[in-house]
Amino acid sequence: MSAPAAARTAWRLPRWRWRDALWILLALIAVVALRKGESSYEQRDTPLVQHAQGLGRVEGRNFAVDVTGFKAAHAYLLKGDYSHPEDYLLRTPGVWLSVVAKVEARDQSGYVGAQLLTRDGLTYVASSQDRPKLKGINLRERVVVPGLPESGAWFFEVPADRLQGAHLQFYWGNGLPRGGDSLVDVDLGIDAARARKLMAEAKPVLDLRP
Amino acid sequence: MANKDELVQTARNPWWQGAAAVALVAVVATAALGGFGQAKSKPLPEYKAGHRYQGGALAVTPLRAWVARYKPGGRIDAFNPKSYLVLQVEVENRTPRSFSAFGYPQQDLILVSSKREPIQSDLLMRSDDHSVAGDLHPRLKQRIDLVWTLPKNYVYTPQATFGVFARAYKAKAYLNDEGAWVQGKPAAKYTMAVQDLRDRAVAP
Chain A
1207 MSAPAAARTA
1217 WRLPRWRWRD
1227 ALWILLALIA
1237 VVALRKGESS
1247 YEQRDTPLVQ
1257 HAQGLGRVEG
1267 RNFAVDVTGF
1277 KAAHAYLLKG
1287 DYSHPEDYLL
1297 RTPGVWLSVV
1307 AKVEARDQSG
1317 YVGAQLLTRD
1327 GLTYVASSQD
1337 RPKLKGINLR
1347 ERVVVPGLPE
1357 SGAWFFEVPA
1367 DRLQGAHLQF
1377 YWGNGLPRGG
1387 DSLVDVDLGI
1397 DAARARKLMA
1407 EAKPVLDLRP
Chain B
9 MANKDELVQT
19 ARNPWWQGAA
29 AVALVAVVAT
39 AALGGFGQAK
49 SKPLPEYKAG
59 HRYQGGALAV
69 TPLRAWVARY
79 KPGGRIDAFN
89 PKSYLVLQVE
99 VENRTPRSFS
109 AFGYPQQDLI
119 LVSSKREPIQ
129 SDLLMRSDDH
139 SVAGDLHPRL
149 KQRIDLVWTL
159 PKNYVYTPQA
169 TFGVFARAYK
179 AKAYLNDEGA
189 WVQGKPAAKY
199 TMAVQDLRDR
209 AVAP
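Protein chains in written order, with our numbering: chain A, 1207 to 1416; chain B, 9 to 212.
Extracted from the complex, chain A is given alone in its bound form:
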């Protein structure tokens, strides 16, 4: 055999055998089966939900919250600041729900996040520090230090027809809790009658000026 012919033989593709096809098929079946059995991202990242009922103290990882009350209002009257000194009305396309609470950090400093979960699964994150701008009262993004509890309120903008069945949720940090971290879920006990009462007692304008 000549040298060029030997080189060509070395580069020839391997012979097709049905056994190869079988191995490929088995590998594909294994990949599909493993993918199907894999947990979803939501399952892997789901927080540890701790359920609670009504007002009072609840505890999560590194924090405790004592909810003392909540009320609804259609608009807030606020004091102006140096750029707009006049008092002003803060309206919402829905209704304002304020949740009065005392917050504690237990081991390290940081923030306690709050959100409202409606019975149809919509999540309303507590309104930002600028809405309403109430320094020392609005608890959103307020740093809490161990041993120095902070009192104040979270403010939520919610459609009036979604108060019934709403749950308050607390977690450590500004972002959503990571998988395995605690998410404290508080059933506020807002049934149909309570929701009607809340709305009936909601002031058209709640004066929050100091």
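None of these hints come from the bench; they were simulated from the model. Hints are supplied without guarantee of correctness; some may be wrong.
Unchecked claim - Below, simulated BS3-like cross-link-like pairs (lysine-lysine); rule was C-alpha separation at most 30 angstroms, straight line:
| # | chain 1 | residue 1 | chain 2 | residue 2 |
| --- | --- | --- | --- | --- |
| 1 | B | Lys180 | B | Lys193 |
| 2 | A | Lys1341 | A | Lys1277 |
| 3 | B | Lys79 | A | Lys1341 |
| 4 | A | Lys1285 | B | Lys50 |
| 5 | B | Lys160 | A | Lys1242 |
| 6 | A | Lys1339 | B | Lys178 |
| 7 | B | Lys149 | A | Lys1409 |
| 8 | B | Lys160 | B | Lys79 |
| 9 | B | Lys48 | A | Lys1242 |
| 10 | B | Lys149 | A | Lys1339 |
| 11 | B | Lys197 | B | Lys123 |
| 12 | A | Lys1285 | A | Lys1242 |
| 13 | B | Lys123 | A | Lys1339 |
| 14 | B | Lys48 | B | Lys160 |
| 15 | A | Lys1409 | A | Lys1339 |
| 16 | B | Lys90 | A | Lys1403 |
| 17 | B | Lys50 | B | Lys197 |
| 18 | B | Lys149 | A | Lys1341 |
| 19 | B | Lys149 | B | Lys48 |
Unchecked claim - Among chain A residues calculated to face chain B with C-beta under 10 angstroms, some are:
| # | residue |
| --- | --- |
| 20 | Arg1218 |
| 21 | Glu1244 |
| 22 | Tyr1247 |
| 23 | Asp1272 |
| 24 | Thr1274 |
| 25 | Leu1296 |
| 26 | Gly1300 |
| 27 | Tyr1317 |
| 28 | Thr1324 |
| 29 | Asp1326 |
| 30 | Lys1339 |
Each residue gets a CB set at the ideal place from its N, CA and C atoms; glycine is no exception.
Place chain B on chain A using the hints.
Quick look at chain B alone, frame taken from chain A:
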């Protein structure tokens, strides 16, 4: 160079036969699905002010547009005079969770330049109290002013075109299988009359 015998041998090789069959099926399937036809560009639906467009994460109703020498609720800056284009829109968050106005609304509702390039707004403000727009909450319709700072050589035109991108939920948007609302293609455009309010000293 390969001789005839080698070509015949190669053609009899089942690996090459398999590859040729796959290639043939791909070509036939592409042709059958219209892959070799001329690509058709579907014209975007064009709407006027007041029409509500729902594009997945957002529903938007552009209401009016104007040019002024102040931002909404502001006043003319005598030391650094500028002009602003403002688009007032009613926005509704259609996702199940609150999000920042500086996220999807700023990315999805854009000004279309004369060169047909998308330009994002510089600032989003609430129309009622002129504060900087923060979070948009689910199923609450909120009126927002989108503000573009105009260049010094801006020439007034009585009409402007604004575009809306679609945004749909994708269950496995990232490599870690996390879901997300992903921006899609341009979905609609609005041709809006632009009021010239540059002669006014007081903001609307």
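**Message:** Output the indices of the hints that this structure fails to meet, ascending.
**Reply:** Checked against the structure, the hints that fail are numbers 4, 5, 6, 9, 12, 13, 14, 16, 19, 23, 24, 27, while the rest are satisfied.
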